[in-house]
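I would like the entire structure built from these sequences, with the hints used as guidance.
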Amino acid sequence: MTTVQEIVQTNAILVYLATMEDTEVTLGELAVHFAMDWRDVLRLLWDANTVDILGIAIPFDLSLPDPVDQWDGEGPQPGPDAPVSLGRHGALDVPELLVTFPETIILTALLDAVLAVTPPGSEAQALQNTRQHLTEAASQAGYGAAFWAPPQRLIPGDRLEAITSAIRRRQHLRITYYHPGKPRGEVVDIVPWEITTGHTPVLRASRAGSARSYRLDRIGDVEPGGAVKRSEGAATRRSLIQEDREARHDARVGEARWTDGGQEVLLRLDRPGLWAVETLPGARWHREGDVLVVRFRSRSDDWLASYLIQLGTAVLSIEPDDVAARMSARFEEIRNTF
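Using our numbering, the letters of the sequence shown correspond one by one to residues 38 to 375.
In case anyone wonders, no lab produced these hints; they're calculated from the structure.
Glycine included, each C-beta is placed from N, C-alpha and C at the ideal position.
Watch out, some of these pointers could steer you wrong.
Unchecked claim - Simulated restraints, written as ranges between beta carbons of each label pair:
id, residue 1, residue 2, range
1, Gly246, Gln165, 32 to 40 Å
2, Pro217, Ala245, 18 to 26 Å
3, Ser100, Ala245, 46 to 54 Å
4, Ala245, Arg332, 23 to 31 Å
5, Pro120, Trp322, 48 to 56 Å
6, Asp254, Ser100, 39 to 47 Å
7, Leu144, Arg332, 21 to 29 Å
8, Ser100, Arg207, 48 to 56 Å
9, Thr213, Gly246, 28 to 36 Å
10, Pro104, Glu325, 51 to 59 Å
11, Gly235, Thr137, 41 to 49 Å
12, Tyr180, Ile278, 35 to 43 Å
13, Gln114, Pro217, 55 to 63 Å
Printed below as a string of structure tokens:
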């Protein structure tokens with residue numbers, strides 16, 4: 038299964054090749070530029086070159102050596118010296134891809150979520166370039182005022198690079214973690230596993246065999262350690278899978294407590310919240326100046342809390358007051374837990 042990191046890496050490599058126009062570069066040069074093994078570069082490019090999206094023609098054509106396990110002695114031999122080039126199909130072969138204003142809002146929000154957890158470097162630059170193209174196109178169409186400034190990282194770039202490197206290399210990690218209300222950080226040894234995107238990105242890991250989640254913006258010093266043993270990696274994976282199962286079970290239990298018909302809720306949102314409104318079935322919304330006013334029926338407090346987390350700081354107010362009070366109490370409890 039392709040991960041978010043692999044999608045970001047593939048996008049960065051393709052953007053880099055596009056800047057080289059029709060110039061050939063080698064797998065080894067790409068590997069050095071992106072700090073990857075040349076075999077991983079070749080695998081990602083073959084995945085991109087053979088992807089099949091229903092109804093959409095792929096607007097590029099990669100010239101690649103055969104996959105390592107499929108080389109039959111003809112053509113360039115797979116290796117760091119093998120050439121790679123990116124050619125483009127003619128304009129008549131590929132229809133123009135039209136993106137609506139709401140889709141541009143959604144794409145920008147998704148890019149921002151990935152940017153927030155991508156260390157500085159060529160991958161982050163490729164994401165920033167893509168974001169810039171989207172917002173510039175929207176501005177030319179008269180929608181520039183609807184967009185917001187690019188996100189700031191919640192954690193210094195070198196610290197984020199150390200975390201992502203430890204995940205990629207399967208290394209132990211010693212971090213200093215700051216709990217709310219406590220001036221001194223706690224030093225913990227963990228097995229890092231993945232970083233989740235969203236309003237508050239979280240490092241998922243295991244500590245002494247138990248699943249743990251650490252907010253990125255509360256991580257201080259980071260010190261990579263030794264290699265994770267296979268048994269430790271398997272135990273970490275099992276603990277996180279079990280945590281996910283329990284979360285899904287709790288969600289189902291919460292959904293079972295929905296009241297008949299739900300409860301009418303009114304949200305006032307900042308512009309970045311439009312992407313979430315567009316995905317909410319049955320929602321009714323209108324604009325009051327720069328504010329989006331959204332009405333819908335909430336099926337349960339559990340569901341509403343999850344939805345509000347997705348919206349993040351785009352939420353300006355919640356009505357009625359009793360719902361706002363329950364949500365405030367719930368998030369205060371979560372804040373104290375972390």
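Hint by hint, which ones does the structure fall short of? Violated: hints 4, 8, 9, 11.
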